[in-house]
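Letter by letter, the chains look like this.
Protein chains: 2
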Amino acid sequence: MTTDEQLDEIRELIATREELGIRGLTDRLGPSDWADIVMRLDDDEVAVVLESIPAAEIPEILEELDPANAAAILRLRPREEAADLLEAIDPDDATDIIAELSTEDREQILVAMEPEEAAEIRLLSAYPPDTAGGRMTPAFVAISPDVRADDAIVLLRRVAEEAETIYYVYVIDAEERLLGVLSLHNLVLTRPQTPVSAVMVGDPIRVRADADQETAANLLVDKNLLALPVVDEQDHLLGIITQDDVADVIEEETTEDFERIGGSQPLDVPYRFASAGLLVRRRIGWLLILFVAGLLTSQVLEHYSDRLQGVPALIPYIPLIIGIGGNVGSQTVTTLVRAIGVGEVRLSDVGWVLAKEMAVGLAVGLIMGIVGYLRVGFPEGFQIGLVVGATIACVALWSATVAAVLPLVLEQIGIDPAVVSAPLISTFVDATGLLIYMTIAGLLLLQL
Amino acid sequence: MTTDEQLDEIRELIATREELGIRGLTDRLGPSDWADIVMRLDDDEVAVVLESIPAAEIPEILEELDPANAAAILRLRPREEAADLLEAIDPDDATDIIAELSTEDREQILVAMEPEEAAEIRLLSAYPPDTAGGRMTPAFVAISPDVRADDAIVLLRRVAEEAETIYYVYVIDAEERLLGVLSLHNLVLTRPQTPVSAVMVGDPIRVRADADQETAANLLVDKNLLALPVVDEQDHLLGIITQDDVADVIEEETTEDFERIGGSQPLDVPYRFASAGLLVRRRIGWLLILFVAGLLTSQVLEHYSDRLQGVPALIPYIPLIIGIGGNVGSQTVTTLVRAIGVGEVRLSDVGWVLAKEMAVGLAVGLIMGIVGYLRVGFPEGFQIGLVVGATIACVALWSATVAAVLPLVLEQIGIDPAVVSAPLISTFVDATGLLIYMTIAGLLLLQL
Chain A
1 MTTDEQLDEI
11 RELIATREEL
21 GIRGLTDRLG
31 PSDWADIVMR
41 LDDDEVAVVL
51 ESIPAAEIPE
61 ILEELDPANA
71 AAILRLRPRE
81 EAADLLEAID
91 PDDATDIIAE
101 LSTEDREQIL
111 VAMEPEEAAE
121 IRLLSAYPPD
131 TAGGRMTPAF
141 VAISPDVRAD
151 DAIVLLRRVA
161 EEAETIYYVY
171 VIDAEERLLG
181 VLSLHNLVLT
191 RPQTPVSAVM
201 VGDPIRVRAD
211 ADQETAANLL
221 VDKNLLALPV
231 VDEQDHLLGI
241 ITQDDVADVI
251 EEETTEDFER
261 IGGSQPLDVP
271 YRFASAGLLV
281 RRRIGWLLIL
291 FVAGLLTSQV
301 LEHYSDRLQG
311 VPALIPYIPL
321 IIGIGGNVGS
331 QTVTTLVRAI
341 GVGEVRLSDV
351 GWVLAKEMAV
361 GLAVGLIMGI
371 VGYLRVGFPE
381 GFQIGLVVGA
391 TIACVALWSA
401 TVAAVLPLVL
411 EQIGIDPAVV
421 SAPLISTFVD
431 ATGLLIYMTI
441 AGLLLLQL
Chain B
1 MTTDEQLDEI
11 RELIATREEL
21 GIRGLTDRLG
31 PSDWADIVMR
41 LDDDEVAVVL
51 ESIPAAEIPE
61 ILEELDPANA
71 AAILRLRPRE
81 EAADLLEAID
91 PDDATDIIAE
101 LSTEDREQIL
111 VAMEPEEAAE
121 IRLLSAYPPD
131 TAGGRMTPAF
141 VAISPDVRAD
151 DAIVLLRRVA
161 EEAETIYYVY
171 VIDAEERLLG
181 VLSLHNLVLT
191 RPQTPVSAVM
201 VGDPIRVRAD
211 ADQETAANLL
221 VDKNLLALPV
231 VDEQDHLLGI
241 ITQDDVADVI
251 EEETTEDFER
261 IGGSQPLDVP
271 YRFASAGLLV
281 RRRIGWLLIL
291 FVAGLLTSQV
301 LEHYSDRLQG
311 VPALIPYIPL
321 IIGIGGNVGS
331 QTVTTLVRAI
341 GVGEVRLSDV
351 GWVLAKEMAV
361 GLAVGLIMGI
371 VGYLRVGFPE
381 GFQIGLVVGA
391 TIACVALWSA
401 TVAAVLPLVL
411 EQIGIDPAVV
421 SAPLISTFVD
431 ATGLLIYMTI
441 AGLLLLQL
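Those protein sequence lines, which keep their order, are chains A and B.
Position 360, counted from 1, in the first sequence is what the numbering used here calls 360; the numbers after and before it change by one each time, with no gaps.
Position 125, counted from 1, in the second sequence is what the numbering used here calls 125; the numbers after and before it change by one each time, with no gaps.
For the record, the hints were derived by calculation from the structure and aren't laboratory data.
Among the hints, erroneous ones may be present.
Here are the in silico distance ranges between beta carbons for each label pair [claimed, not checked]:
id	chain 1	residue 1	chain 2	residue 2	range
1	B	F378	A	R122	53 to 59 Å
2	B	P128	A	P128	39 to 45 Å
3	A	E9	B	V159	44 to 50 Å
4	B	A126	A	E9	35 to 41 Å
5	A	W352	B	L435	42 to 48 Å
6	A	R75	B	L435	46 to 52 Å
7	B	L123	A	E233	46 to 52 Å
Beta carbons: idealized from backbone N, C-alpha and C, even for Gly.
The whole structure should be built from the sequences, with the hints applied where relevant.
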């Protein structure tokens, strides 16, 4: 992470074209720091920076950048240079970057690349970016089962520069089907003459190329693997996904969950690169649905307009009451959607979840209800205070109940519970909360 | 991940005391699957399962469980057995588990453990669990700089069972200060007689034991490390944090962010283990603050009670209007707090962020405003329709603006922007939205 001050310092060096100063910085800053800086500069500034730092470091910086950002830089370079840069980048990252270019730019750059490297990128491009196939790299080490342990080490030494990880070596048959895996660790500790088939772990954990990237990340985490082999339907080894992809996958999926809980559709691109138009398209759908649902509140209030006109003191507390319902619902649903998301809560848990959330809803409802009774009772009289206080308690309980049940019910009927956003619960509770308010007002004010 | 059906199958095996059946499952299920199952069983069922699966697998299952859950299981075992189990668990996990026990249980188990293993746990317990020191394991491999490469490999072979990772070997001086790091990779590729000091990478990236665990996780991810050394103020090597901790750290921190954006204080324990009392304590604080802020809405409405009584047709649209403000604010603030959280947006970005969000707020406001104008205009007359439609557009713009500025302003004055929850924005916009509504009604209805 770079601070704003560092950024200012760099901007000044750029403005004064202090190339020596920028070069001096390369000792202090790694590729991820540079990526962090480049992301914040405009095109002209980026051009100056890229001229001033050693050419060999540029591919690493592009790997660390968001693909959309890296593609924007490639677009500014001559085609031949862009091709050379892509060749020096890990193929999985290069694939993500090239996917951000127009079809025309993409083809022209691929043609300018070495045929072998271009072919790798074309292979990887066949899988959507959020699948295991889209995440994998073909830069793995594979050997046949009759290779000896010492020869395997010699082979590793030769490919160490190219491979993404040499900590695992995969064993494949003549048709490239996955047979087993060996760790470097195993290889080093084995007698030199042993064939690898004797020491490999057979039938290793693998993932299909069309599986969700989240499935692959979960396997890497749950099974404590450094790399996970990716295969096609016929079990041919296509690539590997490594530990360092896990953080990226989790970050991407988590960001989607955040956007959903706030009531948007996921952006699919980093916020910086989302145009205002894209943001509008991702947000307006839910807003209009919630708008229509919100119209129910005006129908409830119109239905009870006589009661409200008869006791106008009830009107000022309408926003307070539905606000409380929204707040309790928002707390409950974010906690619960997250607990479902990390696999902590399932459908079979609905019993205790509901019991716990209803207890919590009742408790916070009673506390706020008493505060409301006193706060409203003093100026308005304790009849109105009682109506408001009792309504607050009921609305809090109701809101917690709805927020606890709805995500689990959706999961049951096969809808991703992540669509239950805080705004959805709030809007749902708005109309029903008003019904509770008007009903309690009818009961208590007619009775007393 | 286990499905509910698998759980039912296991429950049935337990009920019929089908020990052979449970044993049969151990071939199919790994430690993380068992952890997933054990988490969902009650105490009696857990006791049956633990009797039926091979004793050697139990420590691994405890490592995969949440520490609170693992501690609950230890509490049910005789003290000597609990001590043996903890000795077989990685010291960093054992430390987290024992921290969940009462001081008395903790001391009795530590006394029953081998002195060396107990000492390791006591050392690790000195650091809070959310720091680098609390996450580290002392199970690293360290050698002095004059050791030869081949002797280092022999040493590795000896400790391979005990160490958490043998992919890195650390080089320390006589006072145990960190001098350098060697990858297994380097060692294997080096001539046997070379002293490690000649091939090590000097001055490796490290983290202080009192640093935040998130700092350590970010370093592991950004620098693509398999392990990160943890040192004290005098640069003595205390332990390492490995790649497999990264996913846990990210998950923990993300869950906290979720709870905050929903308007709760973070629970600090998994949802399953949070009692209703704890949930109430974590939620009631913000609820009461928002309640008091919400009282402003009733003051606004009381202030304008004449205007509302004069045009009662305005009343039914109050919840709709403030609901729209809340929805737009919630969308904006969740997206933005997340973008700040992953380091994509900083204070220096306030200009373009504000411009983008205001454009989006205006666009969605105009769309919803036109819908509102037509929908309300037909039954109520187009004067009221115009008031409602214009208010919706202004409230959406205002809400997007507040939600975009507030997190960045808080970051500026040193408050974590994660405290800006969706409920906070909604509540803030409720009162101001009503002011906008009443002002527009005053202007348009007096004028027309």
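Q: Could you tell me which of the numbered hints above are not met by this structure, giving the numbers in increasing order?
A: No hint contradicted; all consistent.
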